[in-house]
Structures are given as C-alpha cells and as structure tokens.
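A.B. asks: Sequence:
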Amino acid sequence: MTKHLTFSIPEREIPLWDAWKQFPANKNTSAALMRLVKNDLRTRTGGT
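This note's numbering applies: residue 1 is where the sequence shown begins, and numbers increase by one.
By construction, these hints were calculated from the structure, which means they are not laboratory data. Please read all numbers here as calculations on a predicted model, not as lab measurements. Each residue gets a CB set at the ideal place from its N, CA and C atoms; glycine is no exception. You may find that some hints are simply not true.
Claimed, not checked - Label-pair distances were calculated between CB atoms; the ranges are:
{"#": "1", "residue 1": "Gln22", "residue 2": "Thr45", "range": "33 to 39 Å"}
{"#": "2", "residue 1": "Arg42", "residue 2": "Asp18", "range": "27 to 33 Å"}
{"#": "3", "residue 1": "Val37", "residue 2": "Pro15", "range": "20 to 26 Å"}
{"#": "4", "residue 1": "Leu41", "residue 2": "Trp20", "range": "30 to 36 Å"}
{"#": "5", "residue 1": "Gln22", "residue 2": "Arg44", "range": "28 to 34 Å"}
{"#": "6", "residue 1": "Lys21", "residue 2": "Leu41", "range": "20 to 26 Å"}
{"#": "7", "residue 1": "Asp18", "residue 2": "Lys38", "range": "22 to 28 Å"}
{"#": "8", "residue 1": "Trp17", "residue 2": "Asn39", "range": "18 to 24 Å"}
From just these sequences and the hints, can you work out the full model?
C.D. replies: Take a look at the structure:
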C-alpha cells in the first residue's frame, strides 16, 4: 500500500477520505489546499 499523503489520517476517517477522493473536483481541491499549506509553511518559516 502506497502512501500519497505526508500527513496521517485517523483510521476511522480513512473511508471518509476515500469517498472524498472519488470525486475529481475534490482531488483538485485537495491539491490546491496542499499547495496553499506548503506555501503558507514556506512563507511562515522564511520570514516574519
């Protein structure tokens, strides 16, 4: 089993996550969210 995500999902929420991933629109949303989070982390650690 390959892990696509770097953050962990609670066991009980995995079915929910799988259902969420069934929708292509949600996949795009997830990608956008991850980009936002990464950018946010980068700017937050980069400088005040």
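A.B. asks: Next step is simple, just say for each hint if it's right about the structure.
C.D. replies: Verification of the supplied hints:
1. Gln22 to Thr45: 33 to 39 Å: holds (34 Å)
2. Arg42 to Asp18: 27 to 33 Å: Distance hint for Arg42, Asp18 holds at roughly 29 Å.
3. Val37 to Pro15: 20 to 26 Å: holds (23 Å)
4. Leu41 to Trp20: 30 to 36 Å: violated (22 Å)
5. Gln22 to Arg44: 28 to 34 Å: holds (32 Å)
6. Lys21 to Leu41: 20 to 26 Å: holds (23 Å)
7. Asp18 to Lys38: 22 to 28 Å: holds (23 Å)
8. Trp17 to Asn39: 18 to 24 Å: Holds - the Cβ-Cβ distance for Trp17 and Asn39, about 23 Å, lies within 18 to 24 Å.
Going down the numbered hints, you'll see the structure goes against just number 4.
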